[in-house]
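As you go down the protein sequences, you meet chains V and L in turn.
When we follow this note's numbering, the leftmost residue of the first sequence carries the number 1, and every step to the right adds one.
When we follow this note's numbering, the leftmost residue of the second sequence carries the number 1001, and every step to the right adds one.
Derived from the structure by calculation, the hints contain no laboratory data.
Idealized CB from N, CA, C, for every residue including glycine.
Among the clues, some could well be false.
Stated by the list, open to error - Short, incomplete list of chain L residues facing chain V, as computed with Cβ under 10 Å: (1) Arg1037; (2) Leu1047; (3) Ser1093; (4) Cys1101.
As the list claims (entries may be wrong) - Taking beta-carbon pairs under 8 Å as the criterion, some of the chain V residues facing chain L (in silico): (5) Phe53; (6) Gln55; (7) Glu57; (8) Ser123; (9) Gly124; (10) Arg131; (11) Leu133; (12) Gly137.
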Amino acid sequence: MKIAAQESPKQRRGRRSEPVILFSVAHQTFAIAADAVQEIRSTDSFAGAAVEFKQSEVAKVRHTVERARRIYYVVNAGVHFGLPTTRPTLVLILRQLRVAVLVDRIERMTEISMVHPLPRGFSGAERHWYRGLAYLGDRVFPVIQPTGFLTADEFQRLDRTHAVQEELAGVRA
Amino acid sequence: MDAAQATARDSYVLLQVGNRRFALRADIVSELAPAVRLHNFPHATPLVVGVIVRRGRIVPVYDVAPVLLGRGSSVHRFYLIARRQFGNATEASAIPVTGECELASGEAHPPEMGRQRYIAGTLPVGSEDVDVLDLDVLLTSAPVSPSREIHRTSNASATEAQS
């Protein structure tokens, strides 16, 4: 067992700091843990792989992409957060989740020393969207909860619709 | 309840929201802060307009003017920071106020029948009766429509005229 008092300040700093990617959507900046993102692609290079997904179950998803024989759902972050419509130029492909996220741009990579819990006064959907808040320089950013982009229920509905569409496409072929 | 506690219970902070004065129990008020930078980000909680950083803490800011006045408050010069109760825990909460606050003491009367749930009582201050706010109820209240506000204001004017 390690006694906290025996840890050097350097060790404590090392344990706390977390690399994050700062990205923006409709002039709002968000932070996401760097290790939650597997790949960042431009929408131009991604366009060839993305397939239009016509469905009315989850409005923020309009495309899918197949990677390693798994279907990823492409979430428009602007629609997810209820922000004004923009033209996303980048896609963040998340790690360990079948989600790719359309964003406007990457601001930079940086490290945050701690994630402050979201104040309890916030009681809406943002409790699922964010892990908490980061205070960096003189700015406060929400830190994204990657599992918040699509709920288990939304995944189920999308998977069901996708399976039906695949079946219909197979019959037509 | 000892004398000190009783005094604390009878002390109120008078705050100005828009053109009206309200009172909050002084024992839940922490400080009056200058209008520091408001940080906002997408969320879906009514009344919350963002957060401020105060003494290293991130404090949510609630615009209560739509509830109290039926419209947003465009000008504010200070944040009144008070403690909101969440079960056994409390959390600092900031309310934009337009003027400096003052301390008043006295015995608040129970609210009249039919008043909004966030009105905990009425405090006589000079010739004025100031509504005492229940912060926890206020911060979970829905904004009033302008028509309801007009009705309430005209009632208040009628009461003032009668007195």
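Exercise for the section: Please name the hints from earlier in the document that this structure breaks, with their numbers sorted from lowest to highest. Expected result: 4, 5, 6, 7, 10, 12
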